[in-house]
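Student: Order-wise, the sequence lines are chains F and G. Quick note, the first sequence lines up with residues 1 to 374 if you use the numbering used here. Quick note, the second sequence lines up with residues 1001 to 1374 if you use the numbering used here.
Everything labelled a hint here was simulated from the structure, so no lab data went into it.
Think about it this way: if two alpha-carbon atoms lie no more than 20 Å apart in a straight line, the pair counts; the simulated DMTMM-like pairs of lysine to aspartate or glutamate are:
1. F:K79 - G:E1304
2. F:K296 - G:D1117
3. F:K48 - G:D1045
4. G:K1048 - G:D1084
5. F:K48 - G:E1046
6. G:K1048 - F:E46
7. G:K1296 - F:D117
8. F:K12 - F:E230
9. G:K1079 - F:D298
10. F:K171 - F:E205
11. G:K1079 - F:E297
2 protein chains.
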Amino acid sequence: MFQLLHKDKTSKARLGKLRTAHGIIDTPVFMPVGTQGTVKTLSNDELKTAGAEIILGNAYHLYLRPGIELIRRAGGLHKFMGWDRPILTDSGGYQVFSLATLRRLNEDGAEFSSHIDGSRHILTPEKVLDIQEALGSDIMMVFDECVHYPAAKDYADKSLELTTKWARRSKERFDVSEAKKRGQLLFGIAQGSTYSDLRARAVKELLNIGFDGYAIGGVSVGEPRNLIYEIAGLTAAILPEDKPRYLMGVGMPPDILEAIARGCDMFDCVVPTRNGRNGQAFTFGGDIQLRNAEYKEDFRPIDERCDCFACRNHTRAYIRHLFNTNELLGLRLVSLHNTRFYVKLMQMSREAIADGRFAPFRDEFVEGYNKGSE
Amino acid sequence: MFQLLHKDKTSKARLGKLRTAHGIIDTPVFMPVGTQGTVKTLSNDELKTAGAEIILGNAYHLYLRPGIELIRRAGGLHKFMGWDRPILTDSGGYQVFSLATLRRLNEDGAEFSSHIDGSRHILTPEKVLDIQEALGSDIMMVFDECVHYPAAKDYADKSLELTTKWARRSKERFDVSEAKKRGQLLFGIAQGSTYSDLRARAVKELLNIGFDGYAIGGVSVGEPRNLIYEIAGLTAAILPEDKPRYLMGVGMPPDILEAIARGCDMFDCVVPTRNGRNGQAFTFGGDIQLRNAEYKEDFRPIDERCDCFACRNHTRAYIRHLFNTNELLGLRLVSLHNTRFYVKLMQMSREAIADGRFAPFRDEFVEGYNKGSE
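Chain F with its partners taken away, still in its complex shape (with noise of 0.2 Å):
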């Protein structure tokens, strides 16, 4: 299922192949963020010409809208949204606990409020992996609490306890599930906060559990950027060779390049397109802001080694003009831009790994992308 093809000898950087029932992934990845059902303002076409091998959909928000039913008799997300490669799906952990209203939490599962009409739900282990498998996800996420930071340590270690217990019956519902006869994969999720112990205690169960790749969760929470490096490094360190490892959430182009140099595979993370539809586009020089009063006559692309339909069609004074006006395809334009840039980011990793240089690689773009940037 994951084939670890090779080793940089720099960092703790990866080269893999995750198969999955809907395609190969080449590994270090980054996965384009769907979560309604659609990678916000681009076409499947655009994600696929800017080589997204992978998106991520939502199973909170498909829960709610329009529903499992709905999806269901769609034929599964794949056909619903008109993808026909790899998904993987998110649980809903990191949504019960941050987007609804939480009502109660117990053994059992989570009672929630919906962000979107206040009505009550209650989601359990068994629940969210039933979801999924409706879905049909390629990959699908355990349901867990997702501990935000900061955490006191007594609080963050009952809830790796209660995690644990769900990721032990997400693997039980698995076992006998439709899903696992369908080739659908699942990953268990290591919380346990910003403590060494708890990651370490939480990986351990998780193998006991035995899961088909394994997620770093509860990271990029609030807390600072060494500390997030920090824990992905020290969990990365004890996860198994042969699996692959998905820091999820993070993050700005440095942070995924520390995180693979410290043995991450998969990643995450709304910035190229939330950002984008804010004007923000980044580069290998930097992240500009487009709106600035700097780039109103500036007839360059965004980036002129880059070859996305907004660098070969448009200037920045265009797409300037087009958020002045609140045009929507300024925002197409630039979360298409930075979704291609993420992904010929996680292209040029690739190579830089495989030539075994994967450390000055990194290093060489940190310092260029943050002195650039505004």
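Since chain F is already given, all that's left is putting chain G on it; use the hints.
Tutor: Relative to the frame of chain F, chain G by itself:
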């Protein structure tokens, strides 16, 4: 410049070819509206794939934002927006008398406050010609006073007098302009409200001045549908055969076919994109409102006979979900489909004219469309 290829046997419909600096246009033609240098939500590639031969830009909006000097420095509107096919620019007459706050109107021109920031501006026929020269549009429109409905005859008469004087001054400026040397065309606009004798006088005076083409303006300004057809018909009937006739701002699909049957060649309207952004989709079986609950589990495309990206890849149920969740892809997909529908309707109209069966084609379409519309 304009070649009349064929006259329909069953109506006054005409088949023609219009030669511009950026290419040849087959008429009858529909021009998608790109007010601010972008056809809302759509990329240039999508417009081309949909078959758009020419688009419309708006001098008033572009003059206010991003400003003419910026577009001049970008090398004209084509280069600024990255569109290499023909562009027609509206003169701003309609916007000054509808969108802006008119401050003073006299023989020299119109003083108004911008609808964006209240700033004061003066537009004269000469200035509007200069603006369109800088934009580099293939077809420029004269500055006119657009009279709304209903208008007293006395007012319409005086207004027409002013519009005619402005038309003459526009032509005089045009005759000594760089625009003319570069092959930009200038169209006159016949006003005269709903009064047939004023329309006749408008046409007679415009013909005395002499333009590359003639528009019928001051329609679709609140009058009943039959009056649009009547004015279009009586004005087209007295326009010269060897020049293109442009019915401004019309309209819904049946309106356009009725106008073609009365001898009009060119059309523009915000309906395919504006209504598309509200979820209204056009089909040969009528228009449908995709937000409606009846499409919740409708897994058919918008129109099974349509070859657009939306219809080849997505279902009504999915698009309804996108509207329900405020996802911009929904606006894109319906705008794209509707634009393709309008272009396709023109292609089919041209075929029907060439075959000498436009009247029955129109009758069949209008009957089916009206019967199936919501």
